[in-house]
Amino acid sequence: MPRGQSNFLVQSLRGTSQVFFMENALTGVLFFAAMAYASAVSGVWATTIGAAIGVGVATLTARLLECDEPSVSSGLYGFNGVLVGAALPTFIAASPQLWAAIVIGAAASTVFTAAFSATLTGKWGIPGSTGPFVLTGWLMVAAAYSFGGLHVMGDVPKLASDATSHTLGTPAPMELVAIFFRNIAQVYLLGSAVSGAIILIGVLIASVPAGIAAAAGSLLSLIVAIALGADPSAVSKGLYGFSPVLTAMAVGVIFLTPSPRVAVYAGLATVVTVFVQGALDVMVAPAGIPSFTAPYVLTMYLFIAPKKLMAPHPHGPVADPMIDDRGTTPVSAAGSSR
Amino acid sequence: MPRGQSNFLVQSLRGTSQVFFMENALTGVLFFAAMAYASAVSGVWATTIGAAIGVGVATLTARLLECDEPSVSSGLYGFNGVLVGAALPTFIAASPQLWAAIVIGAAASTVFTAAFSATLTGKWGIPGSTGPFVLTGWLMVAAAYSFGGLHVMGDVPKLASDATSHTLGTPAPMELVAIFFRNIAQVYLLGSAVSGAIILIGVLIASVPAGIAAAAGSLLSLIVAIALGADPSAVSKGLYGFSPVLTAMAVGVIFLTPSPRVAVYAGLATVVTVFVQGALDVMVAPAGIPSFTAPYVLTMYLFIAPKKLMAPHPHGPVADPMIDDRGTTPVSAAGSSR
Amino acid sequence: MPRGQSNFLVQSLRGTSQVFFMENALTGVLFFAAMAYASAVSGVWATTIGAAIGVGVATLTARLLECDEPSVSSGLYGFNGVLVGAALPTFIAASPQLWAAIVIGAAASTVFTAAFSATLTGKWGIPGSTGPFVLTGWLMVAAAYSFGGLHVMGDVPKLASDATSHTLGTPAPMELVAIFFRNIAQVYLLGSAVSGAIILIGVLIASVPAGIAAAAGSLLSLIVAIALGADPSAVSKGLYGFSPVLTAMAVGVIFLTPSPRVAVYAGLATVVTVFVQGALDVMVAPAGIPSFTAPYVLTMYLFIAPKKLMAPHPHGPVADPMIDDRGTTPVSAAGSSR
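Chains as they are written, first to last, in UniProt numbering: chain A, 1 to 338; chain B, 1 to 338; chain C, 1 to 338.
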């Protein structure tokens, strides 16, 4: 089957797999299995159904907007939509308006993906990745507080000053294994270790290096979070691991070509992501929104942006300013040496 | 009269009309009439006087900075200033420091307009639009909390958790007509339906398609806000409509060439703007600032940014990274197919 | 000694001097003397030690990443690191995790400096300046609330509504002189007037115009802050002056070529920075973080971004939109005149 004519279902499943940077419909099937398993355990099916609607609407919107065809076919216009569809029912109670929000949000995520591509990618070479999902998710969950038809579930937002002190401690060995898998499952907002294992298998069948990076990211984030004294309850749920897992994969094997040097760089990025997770949780709390994958997105953007031979602007006059003196030579002492 | 020599008053009135994307001094006169009507009804003239000072100072600053002359002449350096001048007295009580803030803020809005033009427009082709006003307004109102000479009026800021639950309901038919016009009036921060009608007439004499888009945006936002269960008091004041009105105009007829396809796209953008309005109200509340036209600005940027044939970055190595292995081929399984 | 082979210590001292836009190892020595003086007075040495670690780690990271060699040599990869190292122990209590955070943060600041250079500088010609420090500092201090191993010292964060009313007043003459120097010292987060005087001497030996601009910025910010009725306690500590000092230097003599016209422009930028200081203090308070040099960074970006002959986007169709009608002529009334 020629790529351009791959059908809608295959495109949607590839989009589902692209959340972990893969382009593999079978991997997408396994990811849906992981979501379904978690839904079966919890009894809440809105997340899995929302994910299916989200990836379908996002992919369909891309086709209607006549977005770049190979990108649509490979699922690059679908992975933000699947996350929007999985995330909104996780934080907003079911209602007719919720389903409308999923459809509108998934369609918007396609437009936002095109916008991120035209700006971040087009001029700076930075992949938009799950940035459009984070933006859509933040807007939709924050909006829910304003609308009677959308009810936000869970904890009330709080100020940094409300952060409770907690004791440092190391979980039991078997619990550590469960957290290792939950770190992976939480990329799809799932709290189940079994789901995490299914997802890891799905990644491994598409790319062994990517699976190894995911595992390394999960392990490293676990060590750092415990060493810093993160809230044991949050660590246990995998909430300190899912962004670092994505960072380790993105910086270590996907967007940079693997090498020992890149591995060290990706390790630093992964450790930084744990700090950014702790930071963004606090910074977005007053707005009543979760940080989603923003810790990964922000860190990845900053670690991928640097280009070869790039120099910071020297501390001397900039080029072509609107205001200048038209002809005078710069003050030499303050000028740059370059 | 050659364009380059149009006088300061005409340039300022064109700037006033550019808030609704028009370049028509008579439209600017009608907009001032709408402001004056609202001032006469409320007895508060600081807003209308502030608007006059704002557009004058912003235009004058652009002339002193020798900004692009045709842009200054067409009012493109004035419309952010007129909004700064109208907005600050709406949220900050009159004092000598308020008038100083209006002058400084209007002058700064011209610099910010040039900055947005050099970055958003220059590299990405995205119009800055009222982004400089939103930025200036946010900074000035937030700053007022820090200074004894500036007193913020109105509600205290609140957290997302303070959002009160309200019942869904549909206003009476005549009230719906009034809201339709208030949605338009609130672009100029006016609560008067009569002012909205005068403004709509001002738009229509400059461009019938623009007037139709404004009306369609007002109507669509009203339906969506009620369906989502927005606070009836806010809906009644027109606070859920002014950003969608601008989005409908900008995406539907100003920045994209009108067509049935564009109309559907603008419709989606308008609906998204209602969600973004609900979201930003919550997100900026802890800082004690109103969202101003930020819901329009953010949505418009995201819907105008996408360019033809744009592809998201594939999930493969980026170009010219600072860190790489200099020569090894990428990992094929994780690489992109493109 | 050829520039490329200057040793690590000289590079680090130049980095220390680059906080005030200088490239002078002796100036760097004086800056460390200013920090050490403040530490001797307060008895708290963690800030000075942190600064030394910060600039060393940042410079070393740049060398390991093979960043642009002349930039590393001139200290452009070190000045964000020295500020990270000085700032974190100012806001976070000493602990093993604090020292780890300084090392990780300083290394990250080098990556962020490269990222800002590739984006802001590379495409828009805007110097990144201390933006990477602000970002790193915000993330690290916010993260500290999430981790038991990091304890944030000082005031609890608050909402805009908690801003207390205070009386306007003018400090005594000798106090004004002390504030004049504290405004300069606070760039390095120091509360000592003597430290400020040492720093000013350090700047003057490297560049007289830069020293004059720093002094003018300190004076102007003091006048504006008092006229606006800023909190006298904050004014007294120099907290309303350090960002304007940097703005006056950056806009007045470093990034624009000095002239009477540029001096007026820098004066406006300096006044705006005082408003932005008041604003950002309020806006970041709910997240529990200090504004650091963000008021300078934001204002400088906006005042340096404008380029010659730049025109705002006219209110007519944008180029190459993803969505268009492929051939229809634009609506003339809504179109641009340009």
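Source of the hints: derived by calculation from the structure; they are not laboratory data. Some hints here could point you the wrong way.
For lysine-lysine, the following DSS-like pairs were computed, each having C-alpha atoms within a straight-line distance of at most 27 Å [as the list claims (entries may be wrong)]:
1) B:K123 <-> C:K123
2) A:K123 <-> A:K237
3) A:K123 <-> C:K308
Status of each hint after checking the structure:
1. Of the supplied pair hints, the one linking B:K123 and C:K123 holds, its CA atoms being roughly 8 Å apart against a limit of 27 Å.
2. Among the hinted pairs, A:K123 with A:K237 is inconsistent with the structure: their alpha-carbon atoms are about 38 Å apart, more than 27 Å.
3. For the given pair, A:K123 sits about 21 Å from C:K308 by alpha-carbon distance, which is consistent with the 27 Å threshold.
Figure legend: structure checked against the earlier numbered hints; the only hint not met is number 2.
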